[in-house]
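Colleague: Sequence:
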Amino acid sequence: MEAKYKAGKKDELSTEWYKNARKKSEERFTMGKLVSSVISKPNGDKCTVTNLKDGNGFLALYDHHSCYALSRLTYKDGKHLKD
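Counting from 1, one number per residue, gives the positions in the sequence shown under the working numbering.
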């Protein structure tokens, strides 16, 4: 994973890869709050479940081997809500 931090919190672009070297996610943060997210499945296809913009929406999580979402996280104002 590559990420920038400011005052100990993620800030700006954060990028993560799967073990197979394909891009897993590109997320934008503002002082630790998640603003937007683009998630890809392990096979490289874009996730159609993830819809997080302006800090609000859903984020799907995948494991390294499956193209099925393991869980879906809900965000409001850049913060994860308990699902």
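By construction, these hints were calculated from the structure, which means they are not laboratory data. Among these hints, one or two may not hold up.
Unchecked claim - Simulated pairs of lysine-lysine, BS3-like, Cα-Cα distance not exceeding 25 Å: (1) Lys24 / Lys9; (2) Lys46 / Lys23; (3) Lys46 / Lys6; (4) Lys4 / Lys76; (5) Lys4 / Lys33; (6) Lys9 / Lys23; (7) Lys6 / Lys41; (8) Lys76 / Lys24; (9) Lys19 / Lys76.
Said to hold, decoys possible - FRET-style restraints, in silico, Cβ to Cβ: (10) Arg72 / Arg22: 16 to 22 Å; (11) Val38 / Asp77: 24 to 30 Å; (12) Leu81 / Gly44: 16 to 22 Å; (13) Lys46 / Ser71: 17 to 23 Å; (14) Asp63 / Val38: 15 to 21 Å; (15) Trp17 / Lys53: 27 to 33 Å; (16) Arg72 / Lys23: 18 to 24 Å.
Computed from a predicted structure; not experimentally measured. Positions of the beta carbon are idealized from the N, C-alpha and C atoms, including for glycine.
Colleague: State for each hint whether it applies.
Modeller: Structure-based check of all given hints:
Under the criterion of a C-alpha separation no larger than 25 Å, the hint pairing Lys24 with Lys9 is consistent with the structure, at around 21 Å. For the given pair, Lys46 sits about 10 Å from Lys23 by alpha-carbon distance, which is consistent with the 25 Å threshold. Taking the CA atoms of Lys46 and Lys6, the gap is about 29 Å. The hint is violated against a cut of 25 Å. Restraint check for Lys4 and Lys76: the C-alpha separation of about 22 Å stays at or below 25 Å, so the hint holds.
Distance hint between Lys4 and Lys33 is fulfilled; the C-alpha atoms sit about 13 Å from each other, no more than 25 Å. A threshold of 25 Å between alpha carbons decides the hint, and for Lys9 with Lys23 the separation of about 22 Å falls inside it, so the pair holds. With a C-alpha separation of about 29 Å, the suggested pair Lys6 and Lys41 falls outside the 25 Å cut-off, and the hint is violated. Restraint check for Lys76 and Lys24: satisfied, since their Cα atoms lie roughly 22 Å apart, inside the 25 Å limit.
A threshold of 25 Å between alpha carbons decides the hint, and for Lys19 with Lys76 the separation of about 30 Å lies outside it, so the pair is violated. In this structure the supplied range 16 to 22 Å holds for Arg72 paired with Arg22, their Cβ-Cβ distance being about 21 Å. In this structure, Val38 and Asp77 break the distance hint of 24 to 30 Å, their C-beta atoms being roughly 19 Å apart. For the pair Leu81 and Gly44, the supplied restraint of 16 to 22 Å is violated, since their beta-carbon distance comes to about 29 Å.
Restraint check, Lys46 to Ser71: a C-beta distance of roughly 18 Å satisfies the suggested window 17 to 23 Å. For the pair Asp63 and Val38, the supplied restraint of 15 to 21 Å holds, since their beta-carbon distance comes to about 18 Å. The supplied range of 27 to 33 Å is broken by Trp17 and Lys53, whose beta-carbon atoms lie about 23 Å from each other. Remark: the range hint 18 to 24 Å for Arg72 to Lys23 is upheld by a beta-carbon distance near 20 Å.
When the structure is compared with the earlier hints, violations turn up for hints 3, 7, 9, 11, 12 and 15 and for no others.
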